[in-house]
Amino acid sequence: MGKYLKMGLNVALAFNLIERGYMGGKPLDSIAELDSLETIKSLKAALESEGHRVIPIKADENFYRNIRAPIMPIDMVFNIAEGIRGESRESHVPAICEMLGIPYTGSGPLTLAICLNKARTKEILKFYGLKTPDFQVFRSSGEKLRKGLKFPLIVKLLHEGSSMGLSYDSVVYNEEELNGQIKKVMSKYQEPIIAEEFLSGREFTVPIIGNEDPIVLPIIEVMFKGEVKINLFVPDDPVIPILKKYTNEEIPKSQTEIVCPAQIPKRLENKMKRNALKCYEIMECRDWCRIEFRLDEKGIPNILELNPIPGIDPTYWFSKSAYAMSMTYNQLINRILDYALGRYGIKK
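By my numbering, the letter at position 129 of the sequence shown is numbered 129, and the numbering carries on one by one without gaps.
Rather than coming from a laboratory, the hints here were simulated on the basis of the structure. None of these values were measured; they are calculated from a predicted model. Just so you know, not all the hints are guaranteed correct.
What the hints assert, rightly or not - Simulated pairs of lysine to aspartate or glutamate, EDC-like, Cα-Cα distance not exceeding 20 Å:
(1) 150 / 175
(2) 225 / 175
(3) 131 / 143
(4) 144 / 221
(5) 126 / 296
(6) 266 / 221
(7) 347 / 212
(8) 150 / 257
(9) 278 / 257
(10) 225 / 123
(11) 278 / 169
(12) 320 / 281
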């Protein structure tokens, strides 16, 4: 039998915050995976709207100690923590929670670690027959391009999300440009590179919530204003004053807008939904995830990557997709929480 709770939960909110002084000489977009104080406040308010008591806990070096000795017993961890270092950083909070026997929202450590590695994700998707652009991993700038990989290619960081490491120079058209971009990005971020065939077709992102019968939220189309169709990192408005104080880099402005629901033929919509749900199941995602697609020259949707901890600020894409099906922000957040409760057999 499941555990019954007659009152609101004690929910620990695990997060990584953008803070003054975090930059420390790092590239501007090193904060891309971190959350603003405004996001944390919005999440806290959403959870409190259902009567839950929220204990914010930073997912830093002190997280293990703080989650073991909180100000009140923890019933559930609402996890949006991206981690602070390492190639499997997103898996750290779930791994600690599992070790301590504390329930948490979202996917498990293995899923989060694999999805953060773009190459491993693509290998698994290819094994199951899902379309994804061909690619090669580079661990040094002197490696040779293998035969069969077609230009143009896009150069990405292997273990990062949120457009970290991308610029308008990321799309390369020959080996000289490829080698130069690999060398530049490796030197700046000290990480391996994945170069994948660049698709110039329309781009979409598909949010999913749920477990046994997951729900596909309205599909979002990403519309690009510039000539090069790349979604670059753009900081949230409240964060810009912090960045201006701690970096000399130019603050980028948004070159994208979205349409939700996407205006696409029903056949294409259904194909992306089926493939997104298949990805969700194959990668053993839980509670929520966002899956990115781009069309190739034949109009066939290719999977770019999965984001099992997508941005969840009220102004972000995931939330806007929920609004398009008449779901409020508070309802979205608490539905994600309820899905996690269901997995653990906890009944309110």
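So, going through the hints one by one against the coordinates:
1. 150 / 175: The given pair, whose Cα atoms are some 11 Å apart, holds under the 20 Å limit.
2. 225 / 175: 28 Å, violated
3. 131 / 143: At roughly 26 Å apart (the allowed maximum being 20 Å), residue 143 and residue 131 break the hint.
4. 144 / 221: Between residue 144 and residue 221 the Cα gap is close to 35 Å, so the pair fails against 20 Å, i.e. violated.
5. 126 / 296: Judged against 20 Å, a Cα distance of about 16 Å means the pair holds.
6. 266 / 221: It holds: about 14 Å lies between the C-alpha atoms, which stays within 20 Å.
7. 347 / 212: 16 Å, holds
8. 150 / 257: Violated: residue 150 and residue 257 sit about 29 Å apart, past 20 Å.
9. 278 / 257: The given pair, whose Cα atoms are some 27 Å apart, is violated under the 20 Å limit.
10. 225 / 123: 32 Å, violated
11. 278 / 169: Between residue 278 and residue 169 the Cα gap is close to 33 Å, so the pair fails against 20 Å, i.e. violated.
12. 320 / 281: This hinted pair is violated, its Cα atoms lying about 24 Å apart.
Consistency with the previously given hints fails for numbers 2, 3, 4, 8, 9, 10, 11 and 12, ordered from lowest to highest.
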